[in-house]
Structures are given as structure tokens and as C-alpha cells.
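Protein chains in written order, with UniProt numbering: chain A, 1 to 93; chain B, 1 to 380.
None of these hints come from the bench; they were simulated from the model.
Be careful, since some hints might not be right.
Cut-off 16 Å, straight-line C-alpha distance, at most; resulting in silico cross-link-like pairs (EDC-like, lysine to aspartate or glutamate) [what the hints assert, rightly or not]:
{"no.": "1", "chain 1": "A", "residue 1": "Lys14", "chain 2": "A", "residue 2": "Glu41"}
{"no.": "2", "chain 1": "B", "residue 1": "Lys220", "chain 2": "B", "residue 2": "Glu174"}
{"no.": "3", "chain 1": "A", "residue 1": "Lys84", "chain 2": "B", "residue 2": "Asp94"}
{"no.": "4", "chain 1": "A", "residue 1": "Lys14", "chain 2": "B", "residue 2": "Glu3"}
{"no.": "5", "chain 1": "A", "residue 1": "Lys44", "chain 2": "A", "residue 2": "Asp89"}
{"no.": "6", "chain 1": "A", "residue 1": "Lys84", "chain 2": "A", "residue 2": "Glu41"}
{"no.": "7", "chain 1": "B", "residue 1": "Lys248", "chain 2": "B", "residue 2": "Asp321"}
{"no.": "8", "chain 1": "A", "residue 1": "Lys84", "chain 2": "B", "residue 2": "Glu3"}
{"no.": "9", "chain 1": "A", "residue 1": "Lys14", "chain 2": "A", "residue 2": "Asp47"}
{"no.": "10", "chain 1": "A", "residue 1": "Lys14", "chain 2": "B", "residue 2": "Asp94"}
{"no.": "11", "chain 1": "A", "residue 1": "Lys14", "chain 2": "B", "residue 2": "Asp158"}
{"no.": "12", "chain 1": "B", "residue 1": "Lys248", "chain 2": "B", "residue 2": "Asp236"}
{"no.": "13", "chain 1": "A", "residue 1": "Lys14", "chain 2": "A", "residue 2": "Asp64"}
Everything numeric in this text was worked out from a predicted model, so none of it was measured.
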Amino acid sequence: MTPDSRPALPRFVKLRFDRARDTWLLLAPERILIPDEIAVEVLKLCDGEATLAAIAATLAARYDAPEPEILSDITDMLADLEAKGFLRDREAA
Amino acid sequence: MTELSARLRPDPARSHGIPIAVLAEITHRCPLQCPYCSNPVELERASAELSTEEWLRVLGEIADLGVLQLHFSGGEPLARRDLETLVARAAALDLYTNLITSAVTLTEARLDALAQAGLDHVQISVQSVEDALATRIGGLRGALERKRAAAAWVRARDLPLTLNAVMHRQNLHELPEMIEMALDLGAARLEVANVQYYGWALRNRAALMPTPDQIDTASKVVDAARARLHGRLVIDYVEPDYYAARPKPCMGGWGRQVFNISPSGKVLPCHAAESIAGLRFDSVRDHPLAWIWDHSEAMNRYRGTAWMPEPCRSCAHKHDDWGGCRCQASALLSDAGATDPACAFSPRHAEVFEAALAFSEGSDRYTYRDFSGGTPEPGG
Ligand code: SF4
Ligand code: SF4
């Protein structure tokens with residue numbers, strides 16, 4: 001993941017609000033993860049169009065937080081999801 | 001991010017919560033005859049199967065319960081012509097759908113239809129990496145080649161693939177090649193499942209039981225492969241029970257997270273539960289699923305920890321493994337309410353270990369799974 005990456009959830013990974021449990025879930029083959037609030041905000045922006053840099057800028061404006069810090073945080077988080085196969089980089093693909 | 005299953009454990013206030021997954025065994029029909037099949041020895045016939053309409057209703061009830069994942073299984077789920085219809089309904093209900101298949105009857109057209117219907121994941125089982133042995137285990141010539149082709153079609157459609165390798169004494173030596181095959185076929189996940197001894201496998205224990213040496217080697221092979229293939233292939237390893245020191249938390253605890261629906265609509269706490277004498281199961285034909293989940297006698301019988309005898313009752317691990325497998329206790333000790341004898345704390349553990357050793361020197365001859373109660377392998 002680099003600032004130019006355009007992260008997206010693959011078709012078979014689903015971000016979904018589960019009313020029965022009142023929580024957001026990330027559904028993947030044989031695994032179900034519970035993203036925290038920040039992760040949900042980030043994942044909603046991962047549409048395969050927006051670059052990581054643009055996502056960081058959006059979040060920085062939304063939360064009035066320093067952009068470089070946000071960029072580094074979300075890079076780590078998304079790289080981790082990418083390693084698990086739950087996220088793809090459109091640019092690299 | 002936490003795993004949902006991690007957050008679900010243990011909730012002492014309740015014996016059960018919202019189920020996560022359902023294994024829908026939509027048919028017992030299957031073109032293969034694996035001697036380790038986990039289906040009951042008394043298979044349900046096609047005429048007893050739930051109709052399409054019944055399944056469509058039940059899928060709605062499953063989603064209403066809060067279930068997240070639906071595994072279409074069997075037998076061979078492709079044996080039902082309405083599989084696409086069922087997958088489409090499940091997908092429309094926002095269920096995460098998985099097809100557990102032997103894949104020998106899969107065609108490209110059918111896979112397209114399933115993908116179109118919204119199928120999320122495919123799991124293909126393999127008997128062996130070698131054609132002759134695959135044929136001998138599954139009882140169908142050319143099965144391996146068809147599975148290879150099917151795996152390629154799955155990957156060509158960008159569907160995630162899990163390979164399920166059922167391992168036992170007669171194929172454990174192939175484990176390194178099995179791992180290579182999973183990579184070759186583009187699987188993201190390999191399930192190395194040592195046979196669990198229920199149903200047909202219990203019948204075939206003498207032909208399947210591995211030796212302790214084989215299990216030693218297998219664990220090492222898996223460890224090395226996991227380190228080498230990190231980020232490329234996830235390997236899940238199911239240890240064989242009889243040689244383990246601690247039992248498996250069967251189904252994540254009886255009636256806690258997962259349940260099965262049999263071809264005729266019986267709701268089972270696990271796929272082998274029917275092997276327990278005296279348990280009464282309720283059918284989706286007679287009751288709403290939500291009622292069954294909360295009130296069925298079979299579901300409640302071994303839920304939570306209140307039913308536990310010693311040594312489980314005062315054991316620190318009781319919320320981790322829930323006392324192990326009830327079907328195993330029933331099969332080996334004729335007491336489904338006993339501590340799983342796979343546990344080293346069970347007073348009967350040594351017996352089980354000795355029995356395993358004896359079985360591991362048994363005859364290689366199989367009894368094949370079929371609707372006539374089993375057919376012995378010719379010759380031998
Ligand atoms: S284990 Fe073999 S016989 Fe049993 S359902 Fe699977 S493929 Fe068919
Ligand atoms: S005694 Fe019971 S609870 Fe304790 S480890 Fe063994 S099976 Fe699990």
C-alpha cells in the first residue's frame with residue numbers, strides 16, 4: 001500500500017451492518033471480523049477509485065486531524081487487511 | 001480488528017446467543033463413496049428431502065435468526081437442481097454463501113449460474129494428489145482430474161477457493177504434495193483435516209487411523225509450510241482427536257454458534273448428533289427455526305456448562321472447549337454426557353489412545369459409503 005494505491009474490497013469480502021448484533025462486520029471466507037468505528041469509516045471510502053492519499057485527506061478534514069498521521073495509520077491497517085486477502089489494491093492489480 | 005468468534009466467547013450469562021453459521025446439508029446424494037464421510041450411516045433418501053419451497057422459507061428463517069454464513073453442503077449439494085435458486089435467495093437475504101463440494105459434477109455453465117446467483121466462496125474436497133489413490137478412496141474414476149478443472153474454473157471467475165484435504169493413514173504421506181497442489185490450484189486456504197471418527201469414518205477406523213509417527217511428521221510439515229507460505233496460503237490444521245491431549249471445542253460449543261439442517265429438515269447441533277441414542281431432534285417442517293434454536297430438546301441438552309460432569313465441571317478450560325465432542329463421548333464410552341475421552345483429563349483417555357494404536361495397525365480395506373448401508377472394498 002502506497003499513497004497512490006486505490007484500495008477496494010474484493011467482491012467476496014463484505015462490509016455490512018448487522019442489525020441482529022448491532023455492529024458492523026467484515027465478512028470474508030471462513031472469517032468474520034468486527035471493524036472498529038474508524039476502520040468502518042476508512043473501509044467505506046475504499047471504493048477502488050479514491051487513492052489512499054485522497055482517503056487520508058477526506059478523513060483529515062472530517063476529523064480535523066493531521067493528514068500525515070492519518071495516512072500512516074490507515075496504510076498500516078489496510079496493508080494488514082491486504083495481507084489477509086480482505087482488501088486489494090486496484091493500482092497494483 | 002477482532003474476530004467475531006473471539007468476542008462471542010464466553011458469555012456466562014447466557015447458554016447461547018445468535019448463531020453465526022448454518023451448515024445446510026441439502027442432500028445426502030453424492031457421486032462419491034468416501035469411507036470417511038461424516039454423513040450418518042443411515043442416509044436420507046431423495047424422497048425425504050425438503051422441497052425448494054420449504055428451503056426458500058427456511059432460508060428466510062435462517063436470516064431472521066441473525067445467521068451470517070450459510071454453507072451449502074451434503075452429500076453433494078450440486079445433486080440438487082435447485083441449488084442456484086437457493087443460493088440466489090440466500091444472497092438476496094445477505095447471507096454469506098459457501099459451496100462445499102466434491103466438484104466432480106460441476107460444469108462451467110453451472111458455476112456461472114452459481115456465481116451469477118451470488119455465491120461467495122467455493123470449497124473443494126480432495127481425496128489424494130494421485131489419480132489411482134483418489135479413485136480408490138472416492139470410488140469414482142477420473143475424479144481428481146475433474147476437481148483440478150473445477151478449481152481452475154473457480155479461480156478464473158475470481159471466486160475464492162478453499163481446498164479441503166481429508167487426511168488419514170492411507171494418504172498422510174502425500175501432505176507435502178497436497179500443499180503444493182493447493183498452491184498450484186490457486187487456493188487461498190487449505191484445510192488439512194484429519195478424519196474425525198463419526199458416521200462412516202467410525203465404521204472405517206481400522207482402515208483410516210494414522211500412526212503416531214505419521215501425525216508427528218504431519219504437524220512438522222504443516223508448521224514449516226505455514227512459515228514458508230505466510231501471506232500466500234492459509235493452512236488450517238485439524239489435529240486427529242485420538243492422539244491429542246485436549247479435545248476440540250466441537251462446533252464452538254454445543255448449540256452455541258452453529259447448527260446443521262439435514263436433507264429432510266432435522267435441526268442438529270452438529271452433523272454427527274444423530275449418532276447419539278435417545279436425543280430427539282426437531283424439524284423445520286414442524287416448528288419455526290427460531291423456536292427450535294431456543295427450545296429444541298436436542299439443542300438444549302448439552303448447551304453451556306450446567307450439564308458437565310467432573311472433571312469438566314471444575315476445569316479451567318470448560319469455556320474454551322466446552323467439554324469436547326458429545327458424539328465422540330457417545331461413540332467411545334456409550335455416554336454422550338461424559339467428558340470427551342480425547343481429553344487427557346478423562347479417566348478413559350488411555351483406553352482411547354490404546355485403541356487408536358490398535359486401529360492404526362488395522363486392515364487397509366474400506367467399507368464404502370452408500371445407501372445400502374455400506375459396501376466392502378473388493379479383494380483385500
Ligand atoms: S465425504 Fe465423499 S462421499 Fe461424503 S459427501 Fe463428501 S464427497 Fe460425498
Ligand atoms: S476436563 Fe473437560 S473442560 Fe477440562 S480440558 Fe478436558 S474436556 Fe475440556
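Hints that the structure is at odds with (numbers, increasing): Violated: hints 3, 6, 13.
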